[in-house]
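Using the sequences plus the hints, can you model the full thing?
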Amino acid sequence: MDNTKFLPDDFELVGDKQNINIDEVLPSRPMWQDILGRFKENKGAVIGVILIIIITLLAIIVPMVSKWNYAEMNTSIANRVPSGEHWFGTDYLGRDLWVRTWQGTRYSLIIAVVAVIIDIVVGMTYGLVSGYFGGMVDAIMQRIQEIINSIPTLVVLIILLTVMKPSLKTVIIALIFTEWIPMSRITRAQVLKVKEEEYVLAARTLGAGNFFILFKEILPNIFGQLIIMSMMTIPNAIFYEAYLAFIGLGLTKPLASLGTLINDGFRLFQVYPHAMLIPAAVMAILMLSFNLFGDGLRDALDPTMKEG
Amino acid sequence: MDKSMLKYIGKRILISIVTLFVILSILFLMTRLLPGTPFNSEKMSPEQMEVVKAKYGLDKPVIVQFGNYLKNMVKGDFGLSYVLYKDQGVADIVMPRAKISFIYGIAATALGTIVGMLLGIIAALKRNTIWDTIATIISVLGVSIPSFVFALLLVIILGVKLPVLPTMYLENDPIVSSIIPVVALSMSVIANVARFTRTEMISVLASDYMTLALAKGLDKKTLIFRHALRNALIPVITVIGPILVNLMTGTMVVESICNVPGLGQILIDSIHSNDYNIIMACSFLYAFMYIAMMLIIDVSYGLIDPRIRLGKGE
Chain A
1 MDNTKFLPDD FELVGDKQNI NIDEVLPSRP MWQDILGRFK ENKGAVIGVI LIIIITLLAI
61 IVPMVSKWNY AEMNTSIANR VPSGEHWFGT DYLGRDLWVR TWQGTRYSLI IAVVAVIIDI
121 VVGMTYGLVS GYFGGMVDAI MQRIQEIINS IPTLVVLIIL LTVMKPSLKT VIIALIFTEW
181 IPMSRITRAQ VLKVKEEEYV LAARTLGAGN FFILFKEILP NIFGQLIIMS MMTIPNAIFY
241 EAYLAFIGLG LTKPLASLGT LINDGFRLFQ VYPHAMLIPA AVMAILMLSF NLFGDGLRDA
301 LDPTMKEG
Chain B
1001 MDKSMLKYIG KRILISIVTL FVILSILFLM TRLLPGTPFN SEKMSPEQME VVKAKYGLDK
1061 PVIVQFGNYL KNMVKGDFGL SYVLYKDQGV ADIVMPRAKI SFIYGIAATA LGTIVGMLLG
1121 IIAALKRNTI WDTIATIISV LGVSIPSFVF ALLLVIILGV KLPVLPTMYL ENDPIVSSII
1181 PVVALSMSVI ANVARFTRTE MISVLASDYM TLALAKGLDK KTLIFRHALR NALIPVITVI
1241 GPILVNLMTG TMVVESICNV PGLGQILIDS IHSNDYNIIM ACSFLYAFMY IAMMLIIDVS
1301 YGLIDPRIRL GKGE
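Line by line, the protein sequences are chains A and B. In terms of my numbering, the first sequence opens at residue 1 and continues consecutively. In terms of my numbering, the second sequence opens at residue 1001 and continues consecutively.
What the hints contain is simulated information worked out from the structure, not anything from laboratory work. Relax, there's no trap hidden among the hints.
Under 8 Å between C-beta atoms, here's a sample of chain A residues computed to sit facing chain B:
1. Glu146
2. Ile147
3. Ser150
4. Leu154
5. Ile159
6. Phe239
7. Ile247
8. Phe269
9. Gln270
10. Pro273
11. Met276
12. Ala284
13. Leu288
Result set (DSS-like, lysine-lysine): computed pairs, CA atoms no more than 27 Å apart in a straight line:
14. B:Lys1053 x B:Lys1086
15. B:Lys1086 x B:Lys1071
16. B:Lys1060 x B:Lys1086
17. B:Lys1075 x B:Lys1086
18. B:Lys1126 x A:Lys43
19. B:Lys1126 x A:Lys40
20. B:Lys1126 x B:Lys1220
21. B:Lys1053 x A:Lys165
22. A:Lys216 x A:Lys195
Think of the CB as a built atom: it goes at the ideal place given N, C-alpha and C, for glycine as much as any other residue.
Spelled out as structure tokens, the structure:
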């Protein structure tokens, strides 16, 4: 090593090269474009959205244009298997299942969306108040929630079942009872995280009131989480609707939801499986699509939360 | 077991008992104060009605009835069935059914956990290969498709189209009859456990101690079985409780589809026929199992993570 001689050519001037890092200039894009870009990369999520759109359109259009009526009975054509005349066959009272399935999807979607919107409002308010005010208020609200939460869903439903008559309203109320708690928990956790941020402190220093801080500072920052949560709740709501129909708390005849269709098909499903399988398949596809959509939305809105 | 842990467990048990009592009172009040009786009122004269009510103790004030009910319940007597099984003891009707439902729930959880863990481990070790994709697809399907749809498909395919399995519960062959419902119930468990195991396993594989173990020259087998698996599976064990709790809701519909004489069927029947004592007993059992499960989950969390039992977890 000591004998090594260095020649002038062994060295070259590095200069300022290392300090000259040319920044890659990305075009400035609004946040929603970023989100959209990330969302589009997720194949599953895009398929989910497309399926949701197709199913929604079918649910809106088919009952309007079909020559069959969802409530029209004709027992002479009862229990037909799918054919050119009746694309999904007919049920045990001879009603066309193509129309009934989409009519049912319509009601299932309406029930799920209405229930989830009310869930968000109730859960969000509860979570906001509990998380933001903290202390005694939080402690009491959390204990109440703890007790409500440890009543199993099934028992809540049974209690409702003994008090109320089956109807659209009952189903929605039952769904609200079971789904608002996770919503309020997420809100509370997010509020606890956000309320210590500097911009909240800044707003308070500038003299903003609690109401202003809650709705103008905190809420917009946790809204993404709530949207994700609600997309994840919709498939749950669709499932519980079917579940309720199965235990006798469904819509009343002749109205149909996916749940009541599945329940009707159940009577004869070993002989005529189509009457139960088709609505069950539509429900499964719908739930799958909403789950894929929700997953994609979560990854797009918050890339840090991505699994694996 | 230090003092704070005992205090924490005591607190949790107290809350559980309060909750059970609240549930029981609400159920009792709801069933007793509502209009309509379990008896066919049109066929009976008011005098006959009085006699029947007196026979079941329904003529006393509600608060006295509730007191009696609680007193008998402690002794294991859940009253008599009014309609479905005339005058039989509810405990005798419900208990054998609860046993079946319970065994199914445990079997489905065990099956689902084992298969789910295997899937998750394979997916994590062979990340971004076809195996990973297959595992992901299975878990997405398992989470999204309700268990009764699986039950339906299995009954139609394995029970009706190619009759290899019975479509209903056979007294003399309980194991074969349990295959369809247990498999159907386990699908969501498989999905959830696989998903969770994969995430845990990936984060463990990326951790510093794995790099250290690798640098120390351990062979792959020891690396995975001794170091990775052990650390990845502890958190997985904690999610099994909540999964089992979720499973309980789905069992009712699966039981109807597979004609299993479990709690689900009798609960639906009793609701439709106002058989109060059976409704009460079934709901109470569900609530009891649910709350006991939550208690076990919370306590085991507390044992694993000291921050929770000291109340600093949030």
